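Colleague: From first to last, the protein sequence lines stand for chains A and B. Read in order, the letters of the first sequence correspond to residues 1 to 296 in our numbering. Read in order, the letters of the second sequence correspond to residues 1 to 296 in our numbering.
For the record, the hints were derived by calculation from the structure and aren't laboratory data. You may find that some hints are simply not true.
Put simply, identical chains are the same to the list, so a pair is met inside one copy or across any two.
[Claimed, not checked] Pairs of lysine to any residue, SDA-like flavour, derived with a Cα cap of 20 Å:
hint : residue 1 : residue 2
1    : LYS98     : SER251
2    : LYS45     : PRO167
3    : LYS5      : LEU171
4    : LYS173    : VAL253
5    : LYS246    : ALA179
6    : LYS173    : PRO30
7    : LYS45     : ALA175
8    : LYS103    : PRO87
9    : LYS5      : PHE17
10   : LYS103    : MET89
11   : LYS5      : GLY43
Bear in mind the structure is a predicted one, so any value in this text is a computation, not a measurement.
Number of protein chains: 2
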Amino acid sequence: MTTLKEDLAREAARVEFWLAGCLDGRGIPPRLREAMDYSLRAGGKRLRPVLCLAFAGLCGGDEEAAMPCAGAFELIHTYSLIHDDLPAMDDDDLRRGKPSNHKVFGEATAILAGDGLLTEAFACMAEAAPAIPAGRVVEAMRLLAVAAGAGGMVGGQDLDMAYTGAPDVTLEKLAAMHAMKTGALIRAACECGAVLAGADDDRRARARDFGIHVGAAFQIVDDVLDVVGDEKEIGKPVGSDQEMGKHTYPSLVGLDESRRMAGERIAMALDRLSVFEGPRADFLRNLARYILERAQ
Amino acid sequence: MTTLKEDLAREAARVEFWLAGCLDGRGIPPRLREAMDYSLRAGGKRLRPVLCLAFAGLCGGDEEAAMPCAGAFELIHTYSLIHDDLPAMDDDDLRRGKPSNHKVFGEATAILAGDGLLTEAFACMAEAAPAIPAGRVVEAMRLLAVAAGAGGMVGGQDLDMAYTGAPDVTLEKLAAMHAMKTGALIRAACECGAVLAGADDDRRARARDFGIHVGAAFQIVDDVLDVVGDEKEIGKPVGSDQEMGKHTYPSLVGLDESRRMAGERIAMALDRLSVFEGPRADFLRNLARYILERAQ
Numbered sequence: 001m002t003t004l005k006e007d008l009a010r011e012a013a014r015v016e017f018w019l020a021g022c023l024d025g026r027g028i029p030p031r032l033r034e035a036m037d038y039s040l041r042a043g044g045k046r047l048r049p050v051l052c053l054a055f056a057g058l059c060g061g062d063e064e065a066a067m068p069c070a071g072a073f074e075l076i077h078t079y080s081l082i083h084d085d086l087p088a089m090d091d092d093d094l095r096r097g098k099p100s101n102h103k104v105f106g107e108a109t110a111i112l113a114g115d116g117l118l119t120e121a122f123a124c125m126a127e128a129a130p131a132i133p134a135g136r137v138v139e140a141m142r143l144l145a146v147a148a149g150a151g152g153m154v155g156g157q158d159l160d161m162a163y164t165g166a167p168d169v170t171l172e173k174l175a176a177m178h179a180m181k182t183g184a185l186i187r188a189a190c191e192c193g194a195v196l197a198g199a200d201d202d203r204r205a206r207a208r209d210f211g212i213h214v215g216a217a218f219q220i221v222d223d224v225l226d227v228v229g230d231e232k233e234i235g236k237p238v239g240s241d242q243e244m245g246k247h248t249y250p251s252l253v254g255l256d257e258s259r260r261m262a263g264e265r266i267a268m269a270l271d272r273l274s275v276f277e278g279p280r281a282d283f284l285r286n287l288a289r290y291i292l293e294r295a296q
Numbered sequence: 001m002t003t004l005k006e007d008l009a010r011e012a013a014r015v016e017f018w019l020a021g022c023l024d025g026r027g028i029p030p031r032l033r034e035a036m037d038y039s040l041r042a043g044g045k046r047l048r049p050v051l052c053l054a055f056a057g058l059c060g061g062d063e064e065a066a067m068p069c070a071g072a073f074e075l076i077h078t079y080s081l082i083h084d085d086l087p088a089m090d091d092d093d094l095r096r097g098k099p100s101n102h103k104v105f106g107e108a109t110a111i112l113a114g115d116g117l118l119t120e121a122f123a124c125m126a127e128a129a130p131a132i133p134a135g136r137v138v139e140a141m142r143l144l145a146v147a148a149g150a151g152g153m154v155g156g157q158d159l160d161m162a163y164t165g166a167p168d169v170t171l172e173k174l175a176a177m178h179a180m181k182t183g184a185l186i187r188a189a190c191e192c193g194a195v196l197a198g199a200d201d202d203r204r205a206r207a208r209d210f211g212i213h214v215g216a217a218f219q220i221v222d223d224v225l226d227v228v229g230d231e232k233e234i235g236k237p238v239g240s241d242q243e244m245g246k247h248t249y250p251s252l253v254g255l256d257e258s259r260r261m262a263g264e265r266i267a268m269a270l271d272r273l274s275v276f277e278g279p280r281a282d283f284l285r286n287l288a289r290y291i292l293e294r295a296q
């Protein structure tokens, strides 16, 4: 029996291996490549690719063949962090304890590194065909683009900035914004795994719902950790949300109610997994529970 | 007999019609949508989609079915203009005679509008399946991503900034940079048209080569017009390249040699079209000649 931490480390290492080579041979100018690698190699749990691979395996697909699609989610996630940190956006000097991309490479290169990672994500994903049937790859690319686009992650960042410091932000608005900003990509990672494996409509819907609930819980826990977390673990100063005038779950409903809401979401996620069995199902159940435990 | 100007206006109008509706129903927050529309509706010749459609038709494909893929090239081109104009990049206050995106909506929204257009391009393109076989759509998406990515357009912008004001920029370096910055997308638009139509390898290579030569000529002519052009027609002050310290074809080899090089490229482009007949072939030949005429 391996522990969840060992499982997570092994899964992340698989993704790291792919990430280390995914930009090779693409003719990227050296300094731009350096800036892209800087953020891509900054570590992290690689949650989105890990979810995508796990759902591909859970639904009987070839996980190795799905890797370029799974990895594309990390390229997109990384680009979003680079652009979010820009002076015109959240103006963050630090990311995971290191200087943010634009502090090292300058704003222009940071913008281009983000643009490059975003675009290369689709190049990588397209290369999953024909090992995976083209119809599935197109559908996965559509899901990624919709989730990452102006009605998803990019739109969520727009709303996040509009809501920061605004007086009339309700819990409903906050939840809808987070469903776009962080939820959409997590949801799409799970659903893409199922799509790439050729899952039927029921399994695909279960993967999608699992992603919706886990994504929501993940954000609530993130907000809770910004209040009660350990600075080293969360990679940014405790209380930085409040300092920036950001509305959070704890600021709107308190810590206890936030934890209860996260628990409810994880229970719903687990419920949607109930028809699945085997090691990939166990891994996903443990992962869902672990997200909740971090907030205790 | 219609004139080329009438043909170009009719083709651009087809693209405009598609562009006007392509972002509807995508759940984009209103202000972000406004910023995306602002740049998308700023006009222009819609050269890239027009080339893509013409090659789709030339190779016997369904042009209407190819429209979302053709239009995606304009979304990508538009995003690149928004990001290029940012203060950290070329810092342009005007674009096609109107205030640039960030002057109207602020830097943060301009960055996000660009990110949104870039991402939605792939969503639109994916939606061309199944009207067009998924294998062709995946290949077209791969071509677009590679052309627009860090080894293509984004990398070209990175090199353009590095070369601006630098002392050792040769004609070879300049040509390689432009092949990435402006050439790659024009080349991919032509090749995608052929791919979407299911063209054989020879026709696909001819479409690609036509795009390479026309793209190179287009850039040389653009540089020439920056010296001798009419401010109203080119939409920016004459001499702005020189003012910014940009190396250009005229600054490296003079106006006459620049014109000769453009002519040589157009001759090569026409040569690659020699096996094609019919109205689409005539349109492309006229278009290629027209690009050259602008520099006289």
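Colleague: All the hints need checking, so say for each whether the structure fits it.
Modeller: Hint-by-hint comparison with the structure:
| no. | hint | in the structure |
| --- | --- | --- |
| 1 | LYS98 with SER251 | neither (28 Å within a copy, 42 Å between copies) |
| 2 | LYS45 with PRO167 | neither (34 Å within a copy, 44 Å between copies) |
| 3 | LYS5 with LEU171 | neither (33 Å within a copy, 55 Å between copies) |
| 4 | LYS173 with VAL253 | within (13 Å within a copy, 59 Å between copies) |
| 5 | LYS246 with ALA179 | within (16 Å within a copy, 44 Å between copies) |
| 6 | LYS173 with PRO30 | between (42 Å within a copy, 15 Å between copies) |
| 7 | LYS45 with ALA175 | neither (23 Å within a copy, 42 Å between copies) |
| 8 | LYS103 with PRO87 | both (10 Å within a copy, 16 Å between copies) |
| 9 | LYS5 with PHE17 | within (18 Å within a copy, 53 Å between copies) |
| 10 | LYS103 with MET89 | both (14 Å within a copy, 16 Å between copies) |
| 11 | LYS5 with GLY43 | within (15 Å within a copy, 54 Å between copies) |
Hint compliance for this structure: hints 1, 2, 3 and 7 are broken, all remaining hints hold.
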